[in-house]
Each structure stands twice: as structure tokens, then as C-alpha cells.
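Enquirer: Sequences and hints are given; from them, build the entire structure.
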Amino acid sequence: MSLANTDVPPTEPIGGAGPATDGRAVGSQPGFGRRLLRQPMAVAALAYLILIVLACAFAPLIAPYGPYTQDLMHTLSGPSAQHLLGTDDLGRDVLSRLLYGGQTTLLGVAEAVVVVAIVGTVFGITAGYLGGWVDHVISRVVDVVISIPSVIVILGVLAIFGNNMTTAMITFGLVAGGALVRVVRSVTLAVRQELYVAAARVSGVSQPSIVFRHILPRLTGPVIVQLSLFAGVALAFQTGLAFLDLGTIAPAPSWGGMVATASTLLSEEGWLLIPSGGIIALTILAFAFIGDAARDASAEAWSGNQPSRRQRRAARPGRPSPTAAGGAQAADGRREGTVPAAPARPPEPGAVLSVRDLTVCFGQGARRVTVVDGVSFDIFPGEVVGLVGESGSGKTMTALSLLGLLPSGGTVERGTAMLAGRDLLALNARDLRAVRGTEIALISQEPMSSLDPVFRVGAQLGEIVRCHHGLSRKAARVRTLELLEMVRLPEPADIAHRYAHELSGGQAQRVAIAAALAAEPKLLIADEPTTALDVTVQAEILELLRTLQDSRQMAVIFVTHNLAVVADICARAIVMQRGKIVESSDVHDLFAAPRHDYTRSLLAATPSLLDDAVRPRPAPDQPGGHDPTTAPATSEVVHD
Amino acid sequence: MVRLILRRLALSVPLVLVVSMLVFVLEALTPGNAARSILGSGGTQAQYQALRRQLGLNQPLVVQYWHYIDKVFHGNFGSSLLTGQAVTTLLNQRLPVTLSLIILSTLLAAVAGILLGTISAVRGGVIGKIVDVLSMAGLALPSFWLGLVLVVLFAEDLRWFPATGYTALDVSVTAWLRSLVLPVIALGMAGIAGIAKTTRESMLDVLSRDFIRTLRAAGVPENSIIWKHALRNAAIPVLSITSLIFIGALSGTVFVETVFVLPGLGSLLVTAVNNHEIAEIEGVAIYFTLIVVAVNLIVDIAYGWLNPKVRTS
Amino acid sequence: MASVLVAAALAAAACGGGTSSSSPASKASTRGGTLTIASTGPSSLNPSSAANNAPGVYVVLAYASLINWTNANTFTPGLATSWKYVGSNDKTFQLTLRKGVKFSDGEAMTAQAVANSINYFKKSNGGPTGLDYQNITATATGPLQVTLTSTIPDPYFVQLCTPFYLGGAIIAPKGLADPKLLQTQSEGAGEYVLQASQSVANDHYTYTANPNYYDQSAIHYKKVVIQVINEEQSAVAALRTGQIQLYIGGSKVSSGSVASAGGYVLAGPSYWVGLQLLDWQGKVFKPLGNVKVRQALSYALNRTAITDAVFGKYATPTAEPALRSWAGYSTSLSSSFSYNPAKAKQLLAQAGYPGGKGVTVPMVYLGFSWFSELAQAIGQELKAVGINVQYDPVTTIGAMLQAIYSGKVAAYNIPISMTEPYFLYPQNFGPKGNLNGMNEVTPSLQNLYDTAVSSPSSASWTSFLSWLTNNAYTLPTSIADQLYYVANNTNAGINAATGLMDYTEISPKS
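Protein chains in written order, with our numbering: chain A, 1 to 640; chain B, 1 to 313; chain C, 1 to 510.
Please keep in mind that the hints were generated in silico from the structure rather than gathered at the bench. For clarity, every value in this text was computed on a predicted model and none was experimentally measured. Take the hints with a grain of salt, since some may be wrong.
[What the hints assert, rightly or not] If the Cβ cut is set under 10 Å, some of the chain A residues that face chain B in the computed set are: (1) 84; (2) 189; (3) 281; (4) 441; (5) 450; (6) 564; (7) 605.
Note that the Cβ used here is the ideal one computed from N, Cα and C, for glycine as well.
Expert: In C-alpha cells:
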């Protein structure tokens, strides 16, 4: 499938497809460094840091004066031609002292960072890889070390070693390394488990060298993030020590010491506070930006923000989307904002939902992918329609787009979905919220994760009930229990009191169903509601759905890849492949006489059906393809 | 849950012992000692030696440490070598100041950070960037420098707040608050960035989860989804980093209390180190460690409250 | 009817009590509220250990002295009402004590108590002035008479009985019986009493008016709080916000903002500073044993520039270790060794150290405030002629003394005040002097000192000072002022001769 790019909708397991395709994980993709450098702030920060480091390292060459050269005749002069940043209380050049001072300051930071890096990776990898008692011991030690207030240890060390900044910063690194140990350990654990699984599948033996080859690249991202953030902390701490006249004492130049000097001269010459504090602040900022950018670079593959409202509004059919303003572009799947859509058929009268020319895309520019391509169908009241296809066919995206719940990166390019006289795809946020739950509802695949884990299920149901009906707490409680009874949960009061993780899969799904039906919607979208359940529980849930649907005359779109389920519960089935509808007909006809090759191959892949169903044969006038021009009696074929 | 608390308490005992031992050893190895400080400029060498003997400073390290720990377990933290005042008195006088400072500054960082982080996660775009920059600014400005700037701006130029000093809570609530506003801002600013970042990431992660989608699909108002459901789920990593920031604030008090002349444990530590007052250093170390233990305990309990899985398992 | 009588009786009682001019109640009502003073912290509250250089404000408030030294530079009765030298040679001094004085705990003051206090003080528990009393013994020679006898002539008995040398601050028997008490509470007969419960060590100390003080009208405030502030910028800020009315300290870097902070500056020459050397005989630092090397160091210093840079207008350059008002001061000495780096290099070469090679001067100094600036300014001037200066900053006096006794430093800087040559020699150059770190005694200097003591005259002291200066045993750079910042709503003054303030004369402006 063409979903190997980074903007993957999260139906795929996060972290790339399984080990069969690419053993390397996200953070180690060759693009990390390049991704990091793509961000302008990171580049600026990096450039600034390199500049400062070089300037301070070559201070003897470029500083206009020595760090101790005093000019007692020109003390506390502001910036001037001879002294770009002015002079201090003994007439020493501020710029020169900043450059020389940077040597000790930045060296101190480097010492701490190196110590943290070494301690963090060595102990983190050891703990994560070896596991067992080694891991236990290291973790306990880290717990204790992290809890020690570092300032005590460092002041004590300074007292012994007579204000030796190197010792102080090394100590600081040792005490602060614990945090990195934890991060490295968790990454190592994750990789080890992944690779163990992969290796177990493939060869049954995992070699340490393979592990290292996979762990270390995976660590680059998190380690760089932690180290750059820590560098900022170390700098703040080092300058703080120097400010207190510990570690580096006057007259030796240091950034913190210069802030201390400035503080004693505040009322006389406030200017001195600016260059000293300024360079510290800028450098910390630079470290922070790099850390931030590194974090973004390694997390880019993960889902980002929720779709902004602008994204959704851009999807109004017929209106040019803001990003497409500027004229027509090549017709290979890119935006066609100003090109008028093909004329669609009007909505069927009496249909609960009429979808016309629905098109959903992910990503932008060269990486844009169309996952739903010109889909049209109608749903009538009280009917259960199956939306069938394998992974990646676009069936889930179709369903989600109706509720405006596409994952981030997804946009509705064009199309309409008329429900009760309104176009769902063109609603503003407020109207959309009004429609959700009351007109159209959703139950999803994973019942356990579709409930808020930190609230009791009864409370969640109660909230949903209250937000639709404005009931008092007591009345809502009564209604909640009614709903739980409706989905045939014995002891509803007990269930209501529980948390999601205290329910079984079947029970949780029933609760989810209760939540979906709380406001009596006309249309229910069931997205693979039984896939994650045991077979026996599946049957129960299907039975429940059928009963509820029947008693309320509620229309259901049943998204599934499982034809057995389709056979069980659906009256009609729409088959999708690669974003397009390939076949749509009565279930009986579909099984008896599939028109499309794809449908046939689906049927063929479901062994249990083959035994019972009539062997499919190709339609007489088609060599196996789907003919868009004919309109067979019992099925609906939709133009795209 | 109870087991968790007991485990945490069990870990604390070795922690306190380790810290006290570490500090004792470090301090005892230092070249200077309090005898010289006590004697001052008028003391002779003979007096100095005599005083050392009198203070027990010439005994082997282990013996000194044992005496010390023995006394501590009886609630006696020793006395200041210079003034003879009981160290417990000193510590207890200064503890409320430091506690006020770190509790308020962590509160500031938490509230501001969570707000900024949530807004940044939900809005994204330009507002998100602005929020990022603001919280970064807090991170970049060192607390002692920020404190100085605040004093110049608010205490000297505008005279809204006192430049130095501390008023106890029982003297006047408003004066207490006023004396703490500037120090709390100086100390808390750096924490805002960390909490905002973590909140943002955690919220982004939570907002992409299934149950959020379910709640949206059920028509629950967006405000409730974000501020009630998402935030509560996102709270755990935020709590983690808040506790780290609280502990980091302990170190920060050394700088902030010095700049604002607050009579807290941090400023006591600096003078104690300068004067080689080992009993005072030990006392501060132990009090700091106890504060850390208390914070960790509270965080553990809060975890339990936030995450039902911990409670019921 | 009965109630009217009662009311009348009460009124009569009140009137009767209120018209007496010496009752504490009426005087108390004319007192100001709280005086807040900012100062560096005390290293000890025990008068015999207090390491403050300037008159210890912590001591003065709670401990009355035998004789008061007013801002008008007069000596007025304190706990003693009269005094005189007895006999010849300035070796005996007699004081008559005031009647009816009580210590703060109510105990009556006796001659024996006073004698005990002085004898305790001279045992030198570490204060900077203890050794000034080392030759003196106090005896009670009458119910209210104390006689001080010195083994060597001492023209300074009067001064020694004032608060400025601290020994005259009388400690109550209760304090002498248990000196540990003195570290946390006051046991004196002074105007105020320290309230330990309202004080936090090293942050603030609260004193309340002493109801047992012998002259209630002299107490100008109900309460005095001393707030420990080490940074002059913080002090100015506190002055500006009205938190303090007096700051003991200050320098040119903040003095300019005092006026806008609602205060005024008091300043007067008070002490000399510079670099004090330790190893004049070259036992450890061989080059320093050579007088030419030491003189070279002196010529290398641009005293005018250093003085101006570090102190601004609050100091005058000098090469002589004496204040103008001290015995033996000579203007020509003060302006000797004028800045001449060429000559310095010449002398070094003549001494066998061309270019300064081989001359190492490790220098210990207080690493903050002007102490640090001065040390650096001096150090850099010395480096400019090739001397290898090694900086060793410390943060407390205690640590500095440690270094002085360690034999590893060759120079230090501590401001020297109130130590006229009479007191300077024993401390800095005499046998077992508390600042004579390497215990080197030079017979010629000793002789000049002994001569000046037994036959004191301006000439003899000048000879002493000349020898000291010309042999560059110390390298003074400046005579500096002690500064005080005072709030506009407060009356305070300084003694023009000593540059120091009598704290008991501070009063609120009406």
C-alpha cells in the first residue's frame, strides 16, 4: 500500500509497518538529521551555539583585551567604540570578559553533559537490555539519586575541592544523569521487546550486536532531546554557582560572576546586567530550541494536532480551498479547488443519508494520498448496510468523515452527505456537535479504549445523557441505568460503578453501544465493533445490535472486513477497494452473484462461506470487470 | 495503594541515611572548620586547637557521624557552633519561608504551564507558537538574574512590592503575599516551560485516543472533552514533571533566597557552607530530603487518585 | 455615686503617674516606633567575640559602656560618672560608677561586676579588640570604684572604656556565669534588650526598650530591628521602600541613588586599607625578605587611580598606615612612594629579580564587595611590573584567618580601623600578634615601638610610622570612609574625627 510515508493515518500500527518490511524504527530513519535541520529555529539555534563556542574557544585571538586588563581611568563606561559592550567596575572590557568567561562556563556545561550522556546511556542500556536484577538494582539506585536534592551534594563538593568548577559540574552530571537513565532504559526495553518478537518470528535468536545496531540509532532522538534540554539546565546551574561566587571566583571571568558584579552596581550602572544576563538567556534558549526541534523531528511520524477547523471548512464542495487558491493544478490527485466537481445525482427521497462524491485525502503536496475517492451511496431508514473491504480500502475513513472525526492530516476534498436535509460535511463546529449523538452516532473497534479510563462508566454515560437532555444528576442516573439495562447488562448499578478496565470486552462494547444510543440517533455507524471480541461474544453483540436496530428502526452502517458478519446482519453491502466503491448490492445477490473480481476474491478468501454459498460465477456480459454504464436491477452502482 | 505508600516510605529511610552520610563525609573532609570561624580575628593558635578539641572536631569521622546520627534520632540536630543556637530552632524558623516559596512557585508554574500547554495543544498554529515562545522565555532566564530584574522593575521603579525581606503569614496575609510575589515569579518561571511542554505533548497524545473520538461522536461539548476528560487523562506525566520541578525548586531557593534576602533554608545553606557549620548543613540536607520524600509520597497518592488502574490493582 | 468616685480616683492616679518626668511610661510615649537598621550579620552576639570592625551595633544596643563617645567627639558619662588617670606614666586609671544601675535582668551593677566583665573581655575570645586590653587588669577598689592598671603606659584608657573598643561594654554577671547564653541573648545594661523569640539568626534581630535602663529619656525608639542585608543594592532598595531607616555600609556604587531613595549619606574617614604583608623576613617567600622588593611593590601601585576606581570620592590615597587624627601622622609620609612603575622594575632588578621573575605573592582577600575590587586592582598593578600574584579569595573572615596562619599566603587585606600605632604593632607585628601570621618580629621596629610607648610624643610615633612605611612592611593605598545611608525621616550623625556613628543618638525626626 502506498502508506509508507510519514503522514500515516493511525489505522496502521504506529512506528511503521511490522518487522517484515523495515527493521528500523521511526526515530532512526535517515531523515532525523535532515528533519531536524528543516526547522528554521533549530538551524538558527545551532548556528548561534557554534558561533558562541568558537568565539569563546578562540577568545585569546579575537578578544580585544585581556580578561584582567583593567583601565582604572575608564570604569563603568557604557558601550563605546573602544569597548563594544562597555567596561565594568575596574575598567575591564565586558566583551572580552564574556568571551573568556564563556570558556569556563561552556566547558562546565560540556563536562556535565558528557557525564550525563555517558552515565545515562551506559546504565540505561544495561538496565533495559539485561533486565532482571540488574535492572532492578539500577532502577532503585536511580530512584534514590534522583531524589537527592542536588544542591546539597554540589555545595558540599565545592567546599571540599576548593571551588573547582570541573568537579562541581561532574558531580552535577552524576546526580542529574538519573533522568536520562530512565529514558534510555524505556527505549531500550521497547526495542528489545519489538526485536524479540521479530527475532522470535524469524530466527528465534536475537544477537546482541543486532540489538545494539537497532537500539543505538533509535536512541539518537530521545537522547539528543534530553541532552539539549539538560544543557540548558546545566548552564543555568553553572552560572548560578558562579553568581554565588562558588566554583569560579573573581577575578576569574565567568558569565554568572559577571551577573553578580552587575548586581552590585545596579543603581550605578544597570547596563552591565544586560550583556551578562543576555548571553546566558540566549544560550539557554538555543539549547531549548534544539531540544524542542529534536523532539519534533523524532515525533513527526506520530499523530499531530487535531484537525484544525480550517482544514474541515476547506472541504466544502464547490468552494475553493484556501490552499488551492491560485488556480488549477495538474489533475493527478492534487487539489482541484477551482475545477467544478462532476455533477452528482440528487439525494434519494426518503433516504436517511445520501452521500455524493465523497473524497477524502491525507497529506499535502507530493505526499498527498486519496483514501476515499468519489464515493456515493444512500442509506434508508431502518436498514443495515455493510461497508466492506480490506484494510486500507477507505471504508473507515468514509464512515469517520461523516461524523467529522477524521484523524489529523485528513481533509474532505469534496462531496456532500445529506442527513435530515443538512450537509454533514459543511456544518460548522456547533451544528456538528448538535448532530453528533442525536442524529448520527458511532461505536468503534476497541471497546476498552473507547471509554475514558479515569472515569467510571456510569459517570461517562451520565454526562452524555445530560449533555443531550439537560437532565438533573438524579434523573440522568436513572436514565443511565435504563440504558445499561437496554444493552442487556445484568446488574447495571454495579457496572455503572466500574471503570473501563474492570469490564470485559463484551461488557465494554455494550456500554459503548449504550453511549452511542443514549440520544436515540437515526443513524448508527458501527466501525468493526466485533473485530476485537471473542467469537462467542461477537455473536452476542451482533444479536444485541440487531435487536436494538430493529426496535428503533435505526439505520446502521456496518463497517467490516468480515464477510461472515455481513452475511449475518446486513441487508445490503457496499464493497470498497482502494477508496472506490466497486460493488453495491443486496447481500444475497452479492454472495450469490458477485459482479466484481474483487468481490469474488474477497469471497474466496473467506473459507467458511465457500462451503455454504453458491459458487460465484461471472456475470454473462462482463469478463470480470464492473461496468459503470449498466444499472442492474437489485444493486446500486454509483458513479465516481 | 497502601502497599505503594509503604514501599515509598521504606525507600525513604535509606535515602535520608545516604544523604546525611554523604553530607557528613563531604563536610568533614573540607579543609576549613568552624573553630576558626568562631574564634575570629582575635583568636590565637592555642585557643583554636583547644576549641577544636572541645567541639570534638579531632575525633575520627565515623565516631563523629555516629554521635550525630544518634542525636538526630532523638530529635536533636545539634547546635550552631557559632551562636550555640539549637539547629532545630533555626531550621523550624526558616522552614515555613522555604515551603511558602516553593509551594507557591510550583503552583504558579503548574497553573500557568497547564493552561499554556493545553491551549497550545488544542489550538496549534500561531497561538501554539506564541505559547511555546513564552514558556521558553521563562526557561531561558536564570532565576537569580530574573530576580534582580524584577527587583529593579517592580520594587525600585514601581514600588509595588518590597525588594527584600519576608513577612510571616501569621503577621499579615497580604504582607506575606506581597513579600513573596517577586521571588515566586523568579523561581517559578523556569518551571512553566517544562510543564507546558509536557502538558502539550501529553494532551496531544490523549486527544488522539479512541475515547476522545467516542465522546466527540456522542456530542459531548468540546470544553468538557478538553478540560475534564483529556486533561485528567493527560495529568499523569504532568504530575511527574511537576514533582520534578518542585524538587528542582529546592535547589533554586539557594539563589532566590539570596537575591531577595529571605530567611529560608536555602540562604541558611549558603552561609552554613561558608562558615563550615556542619550541623546546619546536615540539618538543611535532612529537611530537604524529607521534603522530597513528602512530595514523592503525595505524588504517588495523586497517581492513585488520577489513575484508577493503580487504585484497584 | 460610687462609680463617679471610682472614676475620679482612677483619674487622680493616672494624673499622678503621668506628670513625673522620669517615669518610663511618659517617656515611652514620646518614643518613635520601630527603627530598622540594615547591616551585615554578627558572627557572634557575645561582645567579646563580636567580629565587627565598626562599633558593633549589635553590642551597642544592648550593652551600655562605661564612657560614651558622642558624635560631637566628646566623652560623656555612661555607666561611669567620672574618671581620671592616677599616678604617673599613664599606667593607672580610675572610674567612679553610676549609682542605682540595673542590668536587664534586674540585678544591680557593682564594681566587682564591672571588673569581672573587663577581665573576661581581655581574655580575648576572638573579637578584634580583645588584644587591646591584654596589658590591662581591672580591680574593684570600692563599692562603686573600678581601677584599671596597665603594665605599659596606655594613653587610651578613656577610649578603651567606650563602645568603640567594645571592652567597655559591661556584661552582666549572669552572662559571665554562663557565656553560652551570650550567643543568643543579651545580658547587659543597655538601652535595649534582645528578644530571641522575635529574631531569626542571620536574618533579623529584634530589640525592645529596656525598662531597667538608667536613663529612660535617652531611649528614642520602642523597638529596634536589625535586618541582615549583605548587598548594598538590596539595602538601597529597602531604604527606598521604607523598610529600613539606616544602612551601615555602602560605597560609591550605590551612594548616588540614596537621595532618590529618600535618604542621605553620612561619610567620614575611618580606616586605612591596602595590602598587608606577612613575610617580611622572607622565611617562606624569600624575595619579600628583601626591602627593595617590598619597596618595588609599593612603587608599582597607582594609589590615586586605585582609590578613585574602588572608592570614588569616599577615600583619599595614602602610603602611610595611619589616619590623619592619629598620633604620629605625617603628610609627607602619606604622599611618599608616588606611582613609579619604572622605579619599581629598577628596584626589582637591583634586588636580583629582573622583570619580577621569581617573585610570587599569594594574596588572600574577602571575595566580595569592595574588598574584592581592591584586591584585584592592587593585584593587577603588581602584575604589570612582572610580579606573580596569586589570588585566593575567601568568603569569611574565619577562612581568611585560616589562610593567614597557614603560612601559604604572603599578603591579605582587612580594613584596619581604631588601631592607632599603639594598638597596631602588637596585633600585626608583635610577638604572637593575632594578625602576625608567621610570627616574625623585627627588633628595630620593636625598639621604636617600645620607645614610643614609654615616652610617647608625636615625634616618636612618627619615627615608628616612618620606619614602617619606608620599609614597606604594609602597602596602604587609601584612607577610606565608613558610609551610612540614613532615611530622611531619621536623625543621625557621625563623629568627624573617627568617621563612626554613635547609635544611641539616632532619633526620629519629628
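Enquirer: For this structure, which hints from the list above don't hold up?
Expert: 1, 2, 6, 7
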